[in-house]
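Chemist: Here's the letter readout for the chains.
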Amino acid sequence: MVGPSSSHTAGAARLGNIARRICGEEPVKVDFFLHGSFARTWQGHGTGKALLAGIMGMGPADERIKDSFDYAVQAGLEYNFHTADLGQIHPNSVKIVMQTADGRLWEMLGSSVGGGKVLVSSINGMDMEFSGEYPTIITRHLDQPGVVAQVSEIISRRGINIAFLKVFRSSRGSDASMVIECDQEAGTDLLDEIRWLQAIREVIFIEAG
Amino acid sequence: MYQFRNGVELINLCKQYEVDICELMLRCEMEESGWPRQQIWDVMENNLQVMQDAIINGLSPNLKSAGGLIGGNANRMRLRQEQENLCGKTMLKVIAYALAVSEFNASMGKIVAAPTAGASGILPGIIVALMEDKNYTREDGVKALFAAGAIGKIIATNATLSGAEGGCQAECGSAAAMAAAAAVYLEGGDVETSLEAAAIALKGLLGLVCDPVAGLVEVPCSKRNGTVAANALASADMALAGIKSYIPFDEVVDAMYRIGRLMSADLRETAAGGCAITPTALRYAEQALTANNPKLL
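Protein sequences appear in the order of chains A and B.
Just so we're on the same page, the working numbering is the position in the first sequence counted from 1, plus 81.
Just so we're on the same page, the working numbering is the position in the second sequence counted from 1, plus 22.
A couple of the hints might just be wrong.
Stated by the list, open to error - Below are the DSBU-like pairs computed for lysine-lysine, each with C-alpha atoms no more than 35 Å apart in a straight line:
id, chain 1, residue 1, chain 2, residue 2
1, B, K37, A, K147
2, A, K176, B, K245
3, B, K132, A, K198
Since the hints were made in silico from the structure, they are not lab data.
Next comes chain A alone, as it looks inside the complex (with noise of 0.2 Å):
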């Protein structure tokens, strides 16, 4: 990795690589919500170099980090820094809010937890809690009975081990989502497959990283 730091730099980049991989795309704008001691320490510790550089797609071992700001501007990617309370959370976090070219809006709040580890505890206003270490399925969907029988069943058809599963809703019979992590890169058959289903809203997938 690149210094100074493991949670403030390295986490951070890490932390930024899942939020462009939630989007699927570089996003045109982006800001960065800043929390407890990211928020008062991340001018030393280069935490908004590397979160940028994480949506650049650059990874924490990126001799480039420490010039992301010059690549954002050259690639015209409108960035911001924001120092925010987002509550009881750990107090390296941050919430990144995207919008890629289409105008559409995406939103992750995550936390770098030592290490370089991070956990991701929501995207668009679900909350959730993965970790960006093992291939990830994230799906929102109606909460009725059946949706993780048949999408398990999709992902054991082509031999692929669920590590972790985890399921999540606001309330009962609304707005649901599940997270599972796995063993195996999911192809995007797959991931259509589980499109597919009736009561699947929307898919999102994030390799590992």
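Given the structure of chain A, go ahead and fit chain B onto it with the hints provided.
Modeler: Below, chain B alone, put in the same frame as chain A:
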């Protein structure tokens, strides 16, 4: 089958499979990742290379950190190592190399988080200096990194490696435990002796706060890498002398985590306590923040 959660399980598995700490960690990684042995070995060998490169870069007399507070200290220590000194040649080399990685890290150079970037000098300082002064091979160096990894894994499982969560004891303390265990491994000590060394090293650093001046990983972090590396090497020698830690390693890890929980947030990487709020630090922080402030809304 090779998974361990604490020191007791690590010792038991080493005995059960009749392997050393490095071999057990390697098999544990193979089991966890599904990767073949060679692939995992190559990743660790590359880590050693990054560490060695960071030492070479960090020893430059012209190095200047991003915040401008440190740079060139590793070189000063190397020069003294070649002269008459107090601690002896190997100890001074360990300190010089630990400072080198830490100063290179502060200039946004490429390093290996070991276990974190703030504490990245301690483990390479010890392993690379011992490789040079005691003629250990590259293979020995890689094996020692696996031994260190086993200790880091236990601490990460049962406590924390994050300064923001547990203070500097979680970063430099963990690095010292890892490095002390690795040094014992290099010297031919068994798994029990490695854990004794890790316990002694971490115990000596319990309560250490994370108080970075202006939030930069420069002061007091860099010099702490130097002094903590010395602590780790001393702990390894104590364990090799047959000295036992009265408190077993697993309980020391638990104590570290509990102390971290009791620590005020001001002392956990927020730059709101300790060295960070001394008059000298505050003068610097004000000057640095006004001089370099990209668009913060």
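Chemist: Indicate, hint by hint, whether the structure satisfies it.
Modeler: Now for the hints, and whether the structure bears them out:
no.: 1; hint: K37(B) - K147(A); verdict: violated (47 Å)
no.: 2; hint: K176(A) - K245(B); verdict: holds (34 Å)
no.: 3; hint: K132(B) - K198(A); verdict: holds (17 Å)
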